[in-house]
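Protein chains in written order, with the numbering used here: chain A, 2 to 381; chain B, 2 to 381.
Please keep in mind that the hints were generated in silico from the structure rather than gathered at the bench. Any given hint might turn out to be false.
In this list, chains with the same sequence are indistinguishable; a pair is considered to hold if it fits within one copy or across any two.
[Said to hold, decoys possible] Below, simulated DMTMM-like cross-link-like pairs (lysine to aspartate or glutamate); rule was C-alpha separation at most 25 Å, straight line: (1) Lys135 / Asp294; (2) Lys169 / Glu8; (3) Lys169 / Glu233; (4) Lys135 / Glu233; (5) Lys135 / Glu73; (6) Lys135 / Glu289; (7) Lys169 / Asp179; (8) Lys135 / Asp295; (9) Lys135 / Asp125; (10) Lys135 / Glu173; (11) Lys169 / Glu222; (12) Lys135 / Glu112.
Just so we're clear, the structure is a prediction, and the values are computed from it rather than from any experiment.
2 protein chains.
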Amino acid sequence: MLGFRIEATAGATRAGIMTTPHGAVETPAFMPVGTAGSVKGVTPQQLRGTGTQIILANTYHLQLRPTAQVVEELGGLHRFMGWEGPILTDSGGYQVFSLAEINRVTDEGVEFRSHIDGATLWLDARTAIDVQNKLGADIIMAFDECPPLPSPPHVVQTAVDRTIRWAKVCREVHQGADQALFGIVQGGLDVDLRQRCAAALVGIGFDGYAIGGLSVGETHEEMSAILPRITECLPADRPRYLMGVGMPGDILAAVQAGVDMLDCVLPTRNGRNSYAFTAGGPLRMRNEAHRLDDGPLEAGCDCETCQSYSRGYIRHLFNAAEMLGPTLTSIHNLRFYQRFMARIRALIREGRLPAIGEEYPIVALATSREGGSEENEWTR
Amino acid sequence: MLGFRIEATAGATRAGIMTTPHGAVETPAFMPVGTAGSVKGVTPQQLRGTGTQIILANTYHLQLRPTAQVVEELGGLHRFMGWEGPILTDSGGYQVFSLAEINRVTDEGVEFRSHIDGATLWLDARTAIDVQNKLGADIIMAFDECPPLPSPPHVVQTAVDRTIRWAKVCREVHQGADQALFGIVQGGLDVDLRQRCAAALVGIGFDGYAIGGLSVGETHEEMSAILPRITECLPADRPRYLMGVGMPGDILAAVQAGVDMLDCVLPTRNGRNSYAFTAGGPLRMRNEAHRLDDGPLEAGCDCETCQSYSRGYIRHLFNAAEMLGPTLTSIHNLRFYQRFMARIRALIREGRLPAIGEEYPIVALATSREGGSEENEWTR
Numbered sequence: 002m003l004g005f006r007i008e009a010t011a012g013a014t015r016a017g018i019m020t021t022p023h024g025a026v027e028t029p030a031f032m033p034v035g036t037a038g039s040v041k042g043v044t045p046q047q048l049r050g051t052g053t054q055i056i057l058a059n060t061y062h063l064q065l066r067p068t069a070q071v072v073e074e075l076g077g078l079h080r081f082m083g084w085e086g087p088i089l090t091d092s093g094g095y096q097v098f099s100l101a102e103i104n105r106v107t108d109e110g111v112e113f114r115s116h117i118d119g120a121t122l123w124l125d126a127r128t129a130i131d132v133q134n135k136l137g138a139d140i141i142m143a144f145d146e147c148p149p150l151p152s153p154p155h156v157v158q159t160a161v162d163r164t165i166r167w168a169k170v171c172r173e174v175h176q177g178a179d180q181a182l183f184g185i186v187q188g189g190l191d192v193d194l195r196q197r198c199a200a201a202l203v204g205i206g207f208d209g210y211a212i213g214g215l216s217v218g219e220t221h222e223e224m225s226a227i228l229p230r231i232t233e234c235l236p237a238d239r240p241r242y243l244m245g246v247g248m249p250g251d252i253l254a255a256v257q258a259g260v261d262m263l264d265c266v267l268p269t270r271n272g273r274n275s276y277a278f279t280a281g282g283p284l285r286m287r288n289e290a291h292r293l294d295d296g297p298l299e300a301g302c303d304c305e306t307c308q309s310y311s312r313g314y315i316r317h318l319f320n321a322a323e324m325l326g327p328t329l330t331s332i333h334n335l336r337f338y339q340r341f342m343a344r345i346r347a348l349i350r351e352g353r354l355p356a357i358g359e360e361y362p363i364v365a366l367a368t369s370r371e372g373g374s375e376e377n378e379w380t381r
Numbered sequence: 002m003l004g005f006r007i008e009a010t011a012g013a014t015r016a017g018i019m020t021t022p023h024g025a026v027e028t029p030a031f032m033p034v035g036t037a038g039s040v041k042g043v044t045p046q047q048l049r050g051t052g053t054q055i056i057l058a059n060t061y062h063l064q065l066r067p068t069a070q071v072v073e074e075l076g077g078l079h080r081f082m083g084w085e086g087p088i089l090t091d092s093g094g095y096q097v098f099s100l101a102e103i104n105r106v107t108d109e110g111v112e113f114r115s116h117i118d119g120a121t122l123w124l125d126a127r128t129a130i131d132v133q134n135k136l137g138a139d140i141i142m143a144f145d146e147c148p149p150l151p152s153p154p155h156v157v158q159t160a161v162d163r164t165i166r167w168a169k170v171c172r173e174v175h176q177g178a179d180q181a182l183f184g185i186v187q188g189g190l191d192v193d194l195r196q197r198c199a200a201a202l203v204g205i206g207f208d209g210y211a212i213g214g215l216s217v218g219e220t221h222e223e224m225s226a227i228l229p230r231i232t233e234c235l236p237a238d239r240p241r242y243l244m245g246v247g248m249p250g251d252i253l254a255a256v257q258a259g260v261d262m263l264d265c266v267l268p269t270r271n272g273r274n275s276y277a278f279t280a281g282g283p284l285r286m287r288n289e290a291h292r293l294d295d296g297p298l299e300a301g302c303d304c305e306t307c308q309s310y311s312r313g314y315i316r317h318l319f320n321a322a323e324m325l326g327p328t329l330t331s332i333h334n335l336r337f338y339q340r341f342m343a344r345i346r347a348l349i350r351e352g353r354l355p356a357i358g359e360e361y362p363i364v365a366l367a368t369s370r371e372g373g374s375e376e377n378e379w380t381r
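Just chain A, with the same shape it has in the complex (with noise of 0.2 Å):
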């Protein structure tokens, strides 16, 4: 079973610690996106020294290759991977919705065609927990259809009846206590749509409860109305994720609403494509004003790579396409994504998160989101 202590409140805001067979993790927490096994271009001990405390890998991505069954035969993810903390996988349901093609879905589940190879495959409730207990990560996910936005009403609502009827089959076939089970809500930009899921899966039961969905094509003003509705009809005392977001200003918004966990490609993504983070907004490390820059990607950060390389530098690295430029820069991003969120969680229990726009201005810039592809570059 899945700890849950709330130790700091504000409005719906909390702080508290989440606890895992692998491990304690201090929430509201940020997971980098180790897709297929591996956070691109970053070693599970400069991780660790970024202040990572769980990561998320895709069940999709790792079923389509190696397979879980690889992986649960050389000993499962966290041996597999080499990381020895907290895990969360998701349940395959986003990735075939936006990658795969899809042949066709009914009730029943999704037969689609693999992105890598064109073989045609069959995810369902069933399945997904299957993959999922093979895995062996500390927290799963349901199984749920997850439309773009916009979609029409009648798409959205059917993708709502469906995730709350996998949700149930999940919950039944999902047999492993160390795994906790989370139900994700749906429901698109309709309040009464997202209020009717979440009371669903309430009454079904689980561990902790996933806000799916968002950050699919919506703008930051939609996401920021409608997660406080969503929150609200969730038990107080389980733990809220919120899937695929975001930017700093959109993580924001969701702690303020009550979630407690965020994933996103954002640091490791942006980070290949040369932009590092600084709390004053993005810096492209490609741009010839870096070339003759001594000073670190930002100012007082204690990351490895802040600590021993100029902008100078790694801008060459971008130049020359050298593996170092998307890796320092990577494990920059992910240093300043966990400071910001441990910045975060020390003005919650201080009782003054609003504060935080002082020192993060980069808060304001988050106005829209691109979901979808991994291959989005980072247009702001």
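Go by the hints and put chain B onto chain A.
The following block gives chain B in isolation, referenced to the frame of chain A:
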């Protein structure tokens, strides 16, 4: 002045200590290659963890991008790349002759076109020293002409004449007392030319002597045959550096001929291409055979990779095109090379270097090499 103390000998073979402004180096020493100011895919911290004591950087690449002036303004090569240990830079000669499109070679220098942007550039003895002074390595090289093998006799002879002429200029213009200057012996497979070149360089007087123009197309036997004929002409009390070598069997042959330093891209280049070195021979980590293998790349290896990751995981990383595949395999390969060198040094001191073949059957695999392009795969 470069310190060099020989502490054990066996025939031509020697083991000792070289001291530089940035620390001591046990010899015979293997130098990983940080072509453009980065040992590809590996951080300086990870590099230190492999037991590496000295690295090589390429003057040609750094002068093209970001230029020596930028490196100098960013604090010199040690600060620039975050490596506080000893560094050696080559003269750029080998890369000009192997990577660039040559416009014309005269007794004064070489006009060539950059392999990066096609710009017309000029390199001669003075500029090679000037650039290396700016980079600030502990050991720098005289500018040489390095023809491929086989080449017609008059080509090799002209290259020797120019190499001697340029070496004199380099010795005259190099001022920095903190940077040791090595001459480079050329002469192909012609013993008389090699010995004439060595004698001329010794007459000029250098802090150490490099042997260039090998590992550029000749066989292992040809290289092994000529090496002792060169080293016998070099002063015993100065370090000898065989450039661009190589496979473990080549390294052994060189050490047996009295070579003290070597460099090669093989551990990292092959690592990026999924080849892992082991004492018994190479493994291709993409192979299906490793799919369910929970063992380390090499049993008994103490490297970061072998301590934490299975062959099955590393195979998966390569199949999924994850950056960590090249990184983790490069770390292992570098540690393999450094453990191999440490064992060579220990056996020299014990007076039984030939026993290395029992511990490292891979030394028998060194039967041929390919020089030149950075893109060559390991095809054995």
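Do the hints match the structure? See the list:
no. : hint            : verdict
1   : Lys135 / Asp294 : between (48 Å within a copy, 17 Å between copies)
2   : Lys169 / Glu8   : neither (31 Å within a copy, 74 Å between copies)
3   : Lys169 / Glu233 : within (22 Å within a copy, 82 Å between copies)
4   : Lys135 / Glu233 : neither (33 Å within a copy, 64 Å between copies)
5   : Lys135 / Glu73  : within (5 Å within a copy, 54 Å between copies)
6   : Lys135 / Glu289 : between (48 Å within a copy, 21 Å between copies)
7   : Lys169 / Asp179 : within (19 Å within a copy, 73 Å between copies)
8   : Lys135 / Asp295 : between (48 Å within a copy, 16 Å between copies)
9   : Lys135 / Asp125 : within (15 Å within a copy, 63 Å between copies)
10  : Lys135 / Glu173 : within (17 Å within a copy, 69 Å between copies)
11  : Lys169 / Glu222 : neither (32 Å within a copy, 72 Å between copies)
12  : Lys135 / Glu112 : within (21 Å within a copy, 62 Å between copies)
Hints 2, 4, 11 from the list above are not met by this structure, while the remaining hints are.
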